[in-house]
Amino acid sequence: MRIKWKLTVASFKMYFRQREAVLWTLLLPLFMILLFSFVKFDRLGRIDLGVVNEAGDRSIGLIDALRKVETLKVVEGLRERELDQLHKGERDIVLVIQPSLQLGAHDSLTAYVNSAKPQVAQLGELVLQRVIDELTFDQLPVANRLYLKVEAVKGRNLTYIDFLLPGVLSMSIMQMGIFGVAFSFVSLKKRGILRRLWVTPINPTDFILAQVVTRLVVVMMQVSVMIGAGVLFFDLHFVGSFVELFIVGMLGAVVFLAIGFALAGISKSEDQVAPLANIISLPMMLLSGVFFSRSNLPDFVHVVTDYFPLTYLADGMRSIAIDGASLVQVWQQLLGLCVWSVVSCAVAIKLFRWE
Amino acid sequence: MAETILEVRNLMKKYGDLVAVGGVCFSVERQEIFGILGPNGAGKTTTLEVIETLRSIDAGDVFLNGIDMRKKPQEVKRLIGVQLQSSSFFDKLNLVELLTLFGELYGRRVDPDVLLEEVELLEKRKAKVGELSGGQRQRFSIAAALVNDPVVMFLDEPTTGLDPQARRHLWGVIKRMRSEGKTIVLTTHYMEEAEELCDRVAIMDEGKIVALAPPQELINKLLSGGFKKQRVERLANLEDVFLSLTGHSLRED
Numbered sequence: 001m002r003i004k005w006k007l008t009v010a011s012f013k014m015y016f017r018q019r020e021a022v023l024w025t026l027l028l029p030l031f032m033i034l035l036f037s038f039v040k041f042d043r044l045g046r047i048d049l050g051v052v053n054e055a056g057d058r059s060i061g062l063i064d065a066l067r068k069v070e071t072l073k074v075v076e077g078l079r080e081r082e083l084d085q086l087h088k089g090e091r092d093i094v095l096v097i098q099p100s101l102q103l104g105a106h107d108s109l110t111a112y113v114n115s116a117k118p119q120v121a122q123l124g125e126l127v128l129q130r131v132i133d134e135l136t137f138d139q140l141p142v143a144n145r146l147y148l149k150v151e152a153v154k155g156r157n158l159t160y161i162d163f164l165l166p167g168v169l170s171m172s173i174m175q176m177g178i179f180g181v182a183f184s185f186v187s188l189k190k191r192g193i194l195r196r197l198w199v200t201p202i203n204p205t206d207f208i209l210a211q212v213v214t215r216l217v218v219v220m221m222q223v224s225v226m227i228g229a230g231v232l233f234f235d236l237h238f239v240g241s242f243v244e245l246f247i248v249g250m251l252g253a254v255v256f257l258a259i260g261f262a263l264a265g266i267s268k269s270e271d272q273v274a275p276l277a278n279i280i281s282l283p284m285m286l287l288s289g290v291f292f293s294r295s296n297l298p299d300f301v302h303v304v305t306d307y308f309p310l311t312y313l314a315d316g317m318r319s320i321a322i323d324g325a326s327l328v329q330v331w332q333q334l335l336g337l338c339v340w341s342v343v344s345c346a347v348a349i350k351l352f353r354w355e
Numbered sequence: 001m002a003e004t005i006l007e008v009r010n011l012m013k014k015y016g017d018l019v020a021v022g023g024v025c026f027s028v029e030r031q032e033i034f035g036i037l038g039p040n041g042a043g044k045t046t047t048l049e050v051i052e053t054l055r056s057i058d059a060g061d062v063f064l065n066g067i068d069m070r071k072k073p074q075e076v077k078r079l080i081g082v083q084l085q086s087s088s089f090f091d092k093l094n095l096v097e098l099l100t101l102f103g104e105l106y107g108r109r110v111d112p113d114v115l116l117e118e119v120e121l122l123e124k125r126k127a128k129v130g131e132l133s134g135g136q137r138q139r140f141s142i143a144a145a146l147v148n149d150p151v152v153m154f155l156d157e158p159t160t161g162l163d164p165q166a167r168r169h170l171w172g173v174i175k176r177m178r179s180e181g182k183t184i185v186l187t188t189h190y191m192e193e194a195e196e197l198c199d200r201v202a203i204m205d206e207g208k209i210v211a212l213a214p215p216q217e218l219i220n221k222l223l224s225g226g227f228k229k230q231r232v233e234r235l236a237n238l239e240d241v242f243l244s245l246t247g248h249s250l251r252e253d
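Chains D and S, in that order, are what the protein sequence lines are. Residue numbers 1 to 355, in the numbering used here, belong to the letters of the first sequence in order. Residue numbers 1 to 253, in the numbering used here, belong to the letters of the second sequence in order.
Hint data in this document are derived by calculation from the structure and do not stem from the laboratory. Since we're looking at a predicted model, the values are computed, not measured. Treat the hints with caution; some may be incorrect.
What the hints assert, rightly or not - Straight-line C-alpha distance at most 30 Å; calculated DSS-like pairs for lysine-lysine:
| no. | chain 1 | residue 1 | chain 2 | residue 2 |
| --- | --- | --- | --- | --- |
| 1 | D | K268 | D | K6 |
| 2 | D | K189 | D | K6 |
| 3 | S | K128 | D | K189 |
| 4 | S | K208 | S | K228 |
| 5 | S | K92 | D | K190 |
| 6 | D | K6 | S | K72 |
| 7 | S | K128 | D | K268 |
| 8 | S | K221 | S | K175 |
| 9 | S | K72 | D | K189 |
| 10 | S | K128 | D | K190 |
| 11 | D | K268 | S | K14 |
| 12 | S | K72 | D | K190 |
| 13 | S | K71 | D | K350 |
| 14 | S | K126 | D | K4 |
Stated by the list, open to error - Here are a few chain S residues that sit away from chain D, every Cβ distance over 12 Å (derived from the structure):
| no. | residue |
| --- | --- |
| 15 | G60 |
| 16 | E117 |
| 17 | V173 |
| 18 | E195 |
| 19 | D205 |
We put the beta carbon where it would ideally sit given N, CA and C, even for glycine.
Chain D extracted, bound-state conformation (with noise of 0.2 Å):
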């Protein structure tokens, strides 16, 4: 026990003692953040508007003079997942359409609008009224005008910030993971350090499980380095736990640390570790759902990407950080993880090679 404790002591020293990979570690993934706050990609003047129709059939001529307007997207739903994503700024506007609609007879109906978002909730209204009385003017009378009652709902005003931070931080923890390792053991492998400690009596696993735990922390330090940034600076609308955002995070980190030290098995110079390293991190990078959704992505990718370790980890943390989701509801990401580090450690112990 002693010699564990002693080993991991000395892997963190060795760990934090390189200042440059450390705040590189940690700075890196900001940067990119803060480089990324710079572009709007929600700005775009598309205005998310949600539909609860009551009415039944009534309504449809409605709807469907919506769903023309090019600045909408139109979801129908129910009245509580409306609101309920309202709150979450997921909608701009929620339009319930309620069941006793008459036309022709002096009737309202309610929007209610994310007043976190004052342009695209003011946008919105404007185009609802229009779309109503374009659809209503030769119907109704002046007079018997379909108004819009517009109720305010502070709701969130998600950003792309809120969609990146999460899929940054998942990112920079597989970095830290397959690359990290992958290379530290490596250049100890070429430099004969590992050498060197066989010839002591030294337990292999006592000392992998050194590494693991040093990163395992460092992982920790990424976590609340990132989302403290993101609440302070950039305006992320943290709503998580932290201790589940360190459960999620780590088992991400359990993968890819195996995955480090498979690749720093197989081999031999930091000049083969690379493009692997490369060419299993790049797909997951751009695939993964880390810097624009997934449901961008065609049928035939989403059949592969899904099952990504890194979308399981990205998209853990976010609906944990943003959403608020708990370990509970984000079993299937949990389960995912699971499996992947229970297949990427039986590869490692198959392929790690100390020589």
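Based on these hints, arrange chain S on the given structure of chain D.
Same frame as chain D, now just chain S:
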């Protein structure tokens, strides 16, 4: 009668079809400095690496202090101190931290300063290995090999790449370790080093020992066979010139 501390019998090591060590026999006595000489690729390092528990034994037996290495390699590890050829140490820990850590690996709490004193590196105690000169590095790896107070020390080409002063200095360290009761097995390319240091040498070629005796005995045997050097023996050589011009003191700090 001297006590045998290391016994190697018919040791074989193959890499595929290549026979690196082909049935080597020798024994080393307590407090002896035993040299293994030979050209590159003769199997010196492989022989050492097998005895150091780094490589498995294909055939033959190795007994260290009476312990069968094939059966109890872990016990052997505790009794030996090893300096590997061209191996390094963690570069982010200083000398004191490294020695402390290596001591812990043997379950020992060592006093790093005593070990550093032993190899005359006390003033470098807070330095990193990367900041040491070649000679200092070799001395440090001897200090690291001493953490478990080993019975036998294995030094693989300890003076390769060192300047004449640093080499002589290291010879002093090795002789002192022997006088303190250690048994030392070393490999070298330098014949004058073997002559100066070793009680007995084994000369290896192509994985086999071709001669094994004290250096002077080997020389006498050669001379008695009628051997004569082409050139007349000079009373000094270029190394003597170099040392008389540059002094015997170390120049590494």
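Hints and how they fare:
no., hint, verdict
1, D:K268 x D:K6, "holds (28 Å)"
2, D:K189 x D:K6, "holds (21 Å)"
3, S:K128 x D:K189, "holds (19 Å)"
4, S:K208 x S:K228, "holds (26 Å)"
5, S:K92 x D:K190, "holds (16 Å)"
6, D:K6 x S:K72, "holds (25 Å)"
7, S:K128 x D:K268, "holds (25 Å)"
8, S:K221 x S:K175, "holds (26 Å)"
9, S:K72 x D:K189, "holds (25 Å)"
10, S:K128 x D:K190, "holds (19 Å)"
11, D:K268 x S:K14, "holds (21 Å)"
12, S:K72 x D:K190, "holds (28 Å)"
13, S:K71 x D:K350, "holds (25 Å)"
14, S:K126 x D:K4, "holds (24 Å)"
15, G60, "holds (20 Å)"
16, E117, "holds (22 Å)"
17, V173, "holds (19 Å)"
18, E195, "holds (28 Å)"
19, D205, "holds (25 Å)"
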